[in-house]
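Participant: Read off the chains here:
2 protein chains.
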Amino acid sequence: MAKVAVVVTNLFEDSEYTEPVNAFKEAGHEIVNIEKEAGTVVEGKSEGEKVTIDKGIDEIASKDFDALLIPGGFSPDILRGDERFVAFTKEFMDDKKPVMAICHGPQLLITAEVLKDRDVTGYKSIHVDIKNAGAKLHDKEVVVCGGQLVTSRTPDDIPAFIRESLQLLK
Amino acid sequence: MAKVAVVVTNLFEDSEYTEPVNAFKEAGHEIVNIEKEAGTVVEGKSEGEKVTIDKGIDEIASKDFDALLIPGGFSPDILRGDERFVAFTKEFMDDKKPVMAICHGPQLLITAEVLKDRDVTGYKSIHVDIKNAGAKLHDKEVVVCGGQLVTSRTPDDIPAFIRESLQLLK
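As they're listed, the protein sequences go chains A and B.
Numbering-wise, the first sequence is residues 28 to 197 according to the working numbering.
Numbering-wise, the second sequence is residues 28 to 197 according to the working numbering.
These are calculated hints, taken from the structure and not from any lab test.
A quick note: this is a predicted structure, and the numbers were derived from the prediction, not measured.
Some clues are possibly wrong.
Note that identical chains are pooled: a pair holds if it fits in a single copy or bridges any two copies.
Below, simulated SDA-like cross-link-like pairs (lysine to any residue); rule was C-alpha separation at most 25 Å, straight line [as the list claims (entries may be wrong)]: (1) K151 to D183; (2) K82 to K167; (3) K72 to T45; (4) K167 to D109; (5) K143 to Q194; (6) K90 to D41; (7) K52 to G174; (8) K167 to Q194; (9) K163 to D144; (10) K158 to G55; (11) K143 to H165; (12) K197 to V69; (13) K63 to D183; (14) K117 to G161; (15) K63 to K151; (16) K123 to E70; (17) K63 to G174; (18) K167 to E110; (19) K158 to M28; (20) K167 to G108.
Build the full structure now, drawing on both the sequences and the hints.
Facilitator: In structure tokens:
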């Protein structure tokens, strides 16, 4: 079973955290919530969902995890202002571990400069940013690239996002 | 005196709206708040500042205005998901009217695809997006490009942002 790092901070899109996380747990995977400091409680933007942070970014290393989940909302844009989260994200891509990003999640991948020539989707407002990052943009509910990177657009795409993510976590 | 369109929606960075708007008004300029519908009240992300929308985007045209202000926060990312705000923004750039964008404000300009070869700054998290849009990125409190486009990074830069904006509104 996989140990999945989830990078998440305030203003995350609630369902893009809760639904994949619940599905991954049900499938037997381990979830570790990561933000600046362990014990912090971060809050979703739409439903006020609260998530307690398990590990601070300085306490962990990407080698301790098998996969990375980046829920959307405004959380990814906040996180990418901090080089530690950008470097952490880049390591998963470089190590060819599964990376699952939905909605604004690809913003972290853009700042990590790992999207060149990748097949990617994301939330409508970041489509131009995805293209400008050198990726091949697809307006589809889910895109899987290189057997590693799973991206989706909105909460409506969550079932497809979970389905393809679970394939990679097998 | 100039008639300034302000495109703003929820989760705007409070001071990046209030301080420029107050300074522009004091200098005798007219401010028109624009979102989807007149009468809507939108709310800032940090201090809960409330702004009443004067005109809906479908009621107005860029030719009725002399300049455009784009406050930051998450407001610009929400607005750029709506083609009407992207087209409205592009017209100001195409018509060489003053455009003043702070923090995440340049996101609307990125989606409008008007930043190629422009000198631009913005909030740290969107620096890669600004570069990928073909702009020349500067990490400075204020950048003025072509006597038309004024950009700044954060609330700390507001005095410089107001100073250069007022020069263009003369």
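Participant: Decide, hint by hint, whether the structure agrees.
Facilitator: Verification of the hints:
1. K151 to D183: Answer is within: at 13 Å inside a copy they meet the 25 Å cutoff, but 30 Å across does not.
2. K82 to K167: neither (33 Å within a copy, 34 Å between copies)
3. K72 to T45: both (13 Å within a copy, 23 Å between copies)
4. K167 to D109: Classified as between; 19 Å across copies, 29 Å inside a copy.
5. K143 to Q194: Within one copy only: 24 Å inside, 40 Å across.
6. K90 to D41: Result: close neither inside a copy nor across copies, 27 Å intra and 40 Å inter.
7. K52 to G174: within (21 Å within a copy, 56 Å between copies)
8. K167 to Q194: Cα proximity of K167 and Q194: one copy only (18 Å, versus 46 Å across).
9. K163 to D144: both (6 Å within a copy, 23 Å between copies)
10. K158 to G55: Neither way: K158 and G55 sit 35 Å apart in one copy and 41 Å across, limit 25 Å.
11. K143 to H165: For K143 and H165, the Cα distance is within 25 Å both inside one copy (14 Å) and across copies (23 Å).
12. K197 to V69: neither (29 Å within a copy, 45 Å between copies)
13. K63 to D183: between (29 Å within a copy, 23 Å between copies)
14. K117 to G161: Classified as both: same-chain Cα gap 16 Å, cross-chain 23 Å, threshold 25 Å.
15. K63 to K151: Result: close only across copies, 18 Å inter versus 28 Å intra.
16. K123 to E70: For K123 and E70, the Cα distance exceeds 25 Å both inside one copy (30 Å) and across copies (42 Å).
17. K63 to G174: Neither: 30 Å inside a copy, 41 Å across copies.
18. K167 to E110: between (30 Å within a copy, 19 Å between copies)
19. K158 to M28: Answer is neither; intra-copy 34 Å and inter-copy 40 Å both fail.
20. K167 to G108: For K167 and G108, only the inter-copy Cα distance (16 Å) is at most 25 Å; the intra-copy one is 28 Å.
Going down the numbered hints, you'll see the structure goes against 2, 6, 10, 12, 16, 17, 19, while the others check out.
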